[in-house]
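Colleague: So you can see what is in the structure, the chains are spelled out below.
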Amino acid sequence: MTQLRRNRLFGALLALISLCFECNLVLAADSPFIKSPTLEAIRARGEVVVGVKTDLAPFGSVDATGKSVGMEIELAQKLADGLGVRLVTKGVSAENRFQRLEQGNIDILLATAADTKERRSIATAIEPNYYAESVNVLLPRGSKAKDWSDIRGQTLCALQGAYFNKPISQRHIIELQMYRNMRDAELALRDQRCAGFLYTHSALQYLVKQPEWSDYIVTLPPTLKAPWAIYINRAEKGTELERYIGDMVAQWHRDRTLISLESTWGLQPTQFLQEAHTLWSQKDAHGRYVCVRDSKGHWPVECRNQAFITSEQASGIKGLGLWVKETLGLPLSIIYDPFDAQRYFFGALWTLALSALSILGALGLGYWGAKRILTGSVVSVAVIKFFANFARMTPPLLQMYLVFFGLGGLMHASFNITLSPFLVAVLALSFYHGGMIVFSLLESAKLKQKSNPDFQLTLTNLPSLFEHAAIGIRTAINNLTKATTIASAIAVPELLTATIAIIADQGNVDTMMNLLLFVFYILSAFWLAMLFWAERRLMRASQATN
Amino acid sequence: METLQTLFAWLPYLLGGFLKNITIALSAMAIGTVLGATLALLKFSKKKTVQVSVSATTSFFRNVPTLVILFYLATLLPNQWTPIEGLTIPLTPTFKASLALASSPLGFTAWNLYAAIENWRKGDHHAAMLFIPNWIGAFLVTTLASSVSSLVGVDELVGRSNSVINATDPKYMIPVYLLAMGLFFAFCFSVSSLLAQFRRWILRSRI
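Protein chains in written order, with numbering that gives the first Met the number 0: chain A, 0 to 545; chain B, 0 to 206.
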């Protein structure tokens, strides 16, 4: 009997303990989400800063009064209303949006960003996804292309930072010309610098309905469908902010908010939103939603989207690169990712070619200009002096813009000629630095003429000017090799362009940036050494003839 | 005529952008000169290690493109910095641009100030004094280089020119770009004309 009683007591105690354990669990389940510093800052400020697109109607664009409008802006407004704070929108581009989030420049990113594995390592993606989109190409009306294989090997204009650039270029063997913003890409397409514009399917569908784009069509089957996610900072994973936004999106799926916004903004109904609505409004036998958070705050597996688009390739020469990645923690993707290795290698080649041709151009223009100023008539001297001054006193970036977009557009409209971005960059770099060299040579030639009034500037006595002109020329050439990076602004696929594209895909900012600094240090030293060598050769040659 | 009217209407906005270029260039020169002068003075140190590390730092800043440093700072620096609790310093894009553009005047000052001090000690005061007009020349190059900060979102003259073209019509592209180039040219040309006279004055004067 006592034995039994003791057992009962023990049982009761056990029950009590386990009950308490459970009650602890219940308490924990009540708030599985930790405090969010961002959310506290949002409440303290009374405003939430959402990063949105400014150039992608109907998702996010700017109206005539400078106000942000679009489907995503309406969603952002709903998020702000739910928090009871004011909405502040900040424009972001495909290239910089994740950095803006990482830097704390924006609280929430709602800017047509696809949900990919790489991006989940640099930011927190909110589940559920709020939209899904595929990719297509804007083609001129005359195009006969009906399938992706029809445009194989052609060059398309694209935006720096889009997740689909890499897989599309790999799968369909397409060359991409990367632009920094929509305006530049659109201008390039109009000037026929590329066969089409690679972009989000629905945005292109919307674009061709606008009168100014009536000469363009979208005929390929949409491909590479990917879900879109709202993102918050990487450090905000598992916070109340993540839960709040996730719950809101789930609600938008249930009450058809997203479906009605889609039709309000003139988008074609997507299968994704219909399916999501069915999934999220599904109820069990007790009339409760199937998709509700568990005690840990997670959505049930069947409600989550597991299929992220990934541009990572499983094959390739991985050995050394993976070793570097794992042992040193350096994501040096240009070693273990063949695609990245290829773009970086070609980027380096473009940079070398750009420097070499521009150095020759600048030296040639400099010599020619100085010679004409020393020997020409009054009028030609004045004209050349003016142009040389103008060349060295206006920014090379503006020179490139003026020739590439300004004159390039005119030339295409009147003569159907398209300018290559590479040639425009060589031209501007030669012009700017050639202007500098003209005056270096001129100054030292004038010094020579003081002691020897018969001095003429010819190729044979050029080395005798080096004593004074060398510093000026070296400075100009050093400046030139560094200035080649500016060509990235007009879509020359040089090293900086390649670096930015790789960072956009891999998120390895620190590693790639440090590598770029190192590579340029080496490149500048290389060109200076080449210049010294050329100077010595010329000196020796002139000594031999004298 | 219509073009002129449009340009005139946007002129104050564009001039405001140009003022930003000059502000960025001046701050870059200030930062670069102070740091570069420190390096130049350190170069007189008797210690071999100091000399070597100063030369390495100088050549680093002379060889690395401003645009790369600009992207580096724009992507890797946070937007605010809290050195101590309660004190938050905002790191604006304009400030980051100034910092990045300081790399070139830093290399310039470290290199040329050292040479100038040596010349002065040797008694060649004219050559030493030429540091000043050369420094102003470096300021002009920095002003031109500040245009690349538009690529990381600073709304200086080039950035604002693009905004104007977007807000009006692509047909104004060439006039707007030419106007922006004209502003750069007018500023640099007038400063460098004064500079040439200044140079001549130094070489003629008795110091």
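Think of the hints as simulated: they come from the structure by calculation, not from any bench.
Worth double-checking, as some hints may not be accurate.
[Unchecked claim] Take a look, some chain B residues computed to stay more than 12 Å from chain A by CB distance:
#1 43
#2 61
#3 68
#4 98
#5 120
#6 151
[Claimed, not checked] Result set (BS3-like, lysine-lysine): computed pairs, CA atoms no more than 27 Å apart in a straight line:
#7 B:121 / B:45
#8 A:145 / A:236
#9 B:42 / A:66
#10 A:145 / A:34
#11 B:46 / A:208
#12 A:116 / A:236
#13 B:42 / A:449
#14 A:89 / A:77
#15 B:42 / A:447
#16 B:45 / A:89
#17 B:42 / B:170
#18 A:224 / A:145
#19 A:295 / A:34
#20 A:116 / A:224
#21 B:46 / B:121
#22 A:236 / A:224
#23 A:34 / A:236
#24 A:66 / B:170
Quick reminder that beta carbons are idealized off the backbone N, C-alpha and C, glycines included.
Colleague: Decide, hint by hint, whether the structure agrees.
Modeller: Each hint, compared with the structure:
no.	hint	verdict
1	43	holds, 22 Å
2	61	violated, 7 Å
3	68	violated, 8 Å
4	98	holds, 15 Å
5	120	holds, 20 Å
6	151	violated, 8 Å
7	B:121 / B:45	holds, 19 Å
8	A:145 / A:236	violated, 43 Å
9	B:42 / A:66	violated, 55 Å
10	A:145 / A:34	violated, 52 Å
11	B:46 / A:208	violated, 72 Å
12	A:116 / A:236	holds, 15 Å
13	B:42 / A:449	violated, 36 Å
14	A:89 / A:77	holds, 16 Å
15	B:42 / A:447	violated, 34 Å
16	B:45 / A:89	violated, 53 Å
17	B:42 / B:170	violated, 54 Å
18	A:224 / A:145	holds, 18 Å
19	A:295 / A:34	holds, 15 Å
20	A:116 / A:224	holds, 15 Å
21	B:46 / B:121	holds, 22 Å
22	A:236 / A:224	holds, 26 Å
23	A:34 / A:236	holds, 11 Å
24	A:66 / B:170	holds, 24 Å
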